[in-house]
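Given the coordinates of chain D, assemble chain E onto it according to the supplied hints.
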Amino acid sequence: MNLKKYILRQADNTLILGQRLAEWCGHGPVLEQDIAITNFALDLIGQARSLYQYAAEVEGEGKTEDDLAYLREAIDFYNVLLVELPNGNFGKTIARQFFFDAFNYYFYIELQKSKDQQLAAIAEKSIKEVTYHLRYTSEWMIRLGDGTAESHEKMQTAVNDLWAYTSEMCTPDALDQEMQEAGIGVDLQKIKASWDAKVKDILAQATLEIPENSWMQTGGKNGKHTEHLGFVLAEMQHLQRTHPGATW
Amino acid sequence: MNISIPEIWQILETVSDPEVPVLTVVDLGVVRKVEVQDGKLRVVITPTYSGCPAMNVIEMNIRIALAAEGYPDAEISTVLSPAWTTDWMSEAGKQKLKAYGIAPPVGAVVDKGALFAEPKKVPCPLCDSLDTEMISQFGSTACKSHYKCNVCLEPFDYFKCH
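These protein sequence lines are chains D and E, in that order. Going by our numbering, the first residue of the first sequence is number 81, and it counts up by one from there. Going by our numbering, the first residue of the second sequence is number 258, and it counts up by one from there.
Check before you lean on any hint, since a few could be wrong.
[Unchecked claim] With beta-carbon atoms standing in for the labels, derived distance ranges:
#1 279/E / 144/D: 53 to 63 Å
#2 261/E / 326/D: 34 to 44 Å
#3 315/D / 275/E: 25 to 35 Å
#4 326/E / 325/D: 51 to 61 Å
#5 156/D / 261/E: 43 to 53 Å
Rather than coming from a laboratory, the hints here were simulated on the basis of the structure. From the three backbone atoms N, C-alpha and C, an ideal C-beta is built for every residue, glycine too.
If we strip away everything but chain D, and leave its shape as in the complex, we get:
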């Protein structure tokens, strides 16, 4: 049973997305949204820390959260492809975040029932934060989608561009099934139904069209990434790679 890999998938989702969002710091369209996006980043990196600490404990080799974040190669990261995609414009960042939040929200709701007490506790803590996230990104999807002709077009483009990366989150593989059967992991098919309903509802309110069923990209959950992840890691890991063991 590979509990460590299961924990790392969510830890990597939250760390990489948090790192992506942090790129907005000082570049938000207006101050309030700059602050909001960096608040999201902080919450997600906080969740990642709890998950990495637990993954390190499960592994039992004396590693720390920092070892897991800073000293693994791209092929050993198991985040979904969606979270590593570049920010694009503000609308694309919001669309990517909305798609992930809709997953993250239902994921943590289910994970609270995990037999694994530490995962349940992390979920109980995180769900409060993600509740704010999903509300915020839902509102912005509608505001921008049902906004001006230009904002509508940009949002529809963002939705179309990201769509092929959305199914990986809710598609179970052998590890997901194993974890679910053990009572530790969540039922991704149940989450998929909730995700579909939420996305359908918000996109309808936003006057945005759901793209026709198309080819779906997968691979991140097993370490096969887009070319973008390497650049994220290069920046994030640079200091620890150049000065091993450096501390504040």
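Structure of chain E alone, referenced to chain D:
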């Protein structure tokens, strides 16, 4: 060593939250338990938000305060469940927040509401008017939203329910 639990709580009452210094860590409700196990002092704390950067500083400040009072070997551990809620903030803490210019949390549930729900009416901490509006759900720290008062026209922070 003979450890007096009430004395430990008194020491903890002197440790401030680094982001909102008018609140002690006890006011804030982040100290969950003080106990003695096998003669060793153990203090259990819980984070307000997962990514709250104040938590490491809080832990360090608790360690320093206890050491200064003769308890250098305290074990400080963190628990996540039950998750921290603003309900654990003391009444004294809420009054201190208001006096400091931050509106204390209103009500007992998370401010999630329904999509596009009207935000809660938050009284202005300066003039007590209820004619206020939310500027942003996300404020200067993870625990605060940004509001403005339509009567005295002052902007203010609201410590959001969580």
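Task: Violated hints, by number in ascending order, as checked against the structure - done: Hints 1, 4 not satisfied by this model.
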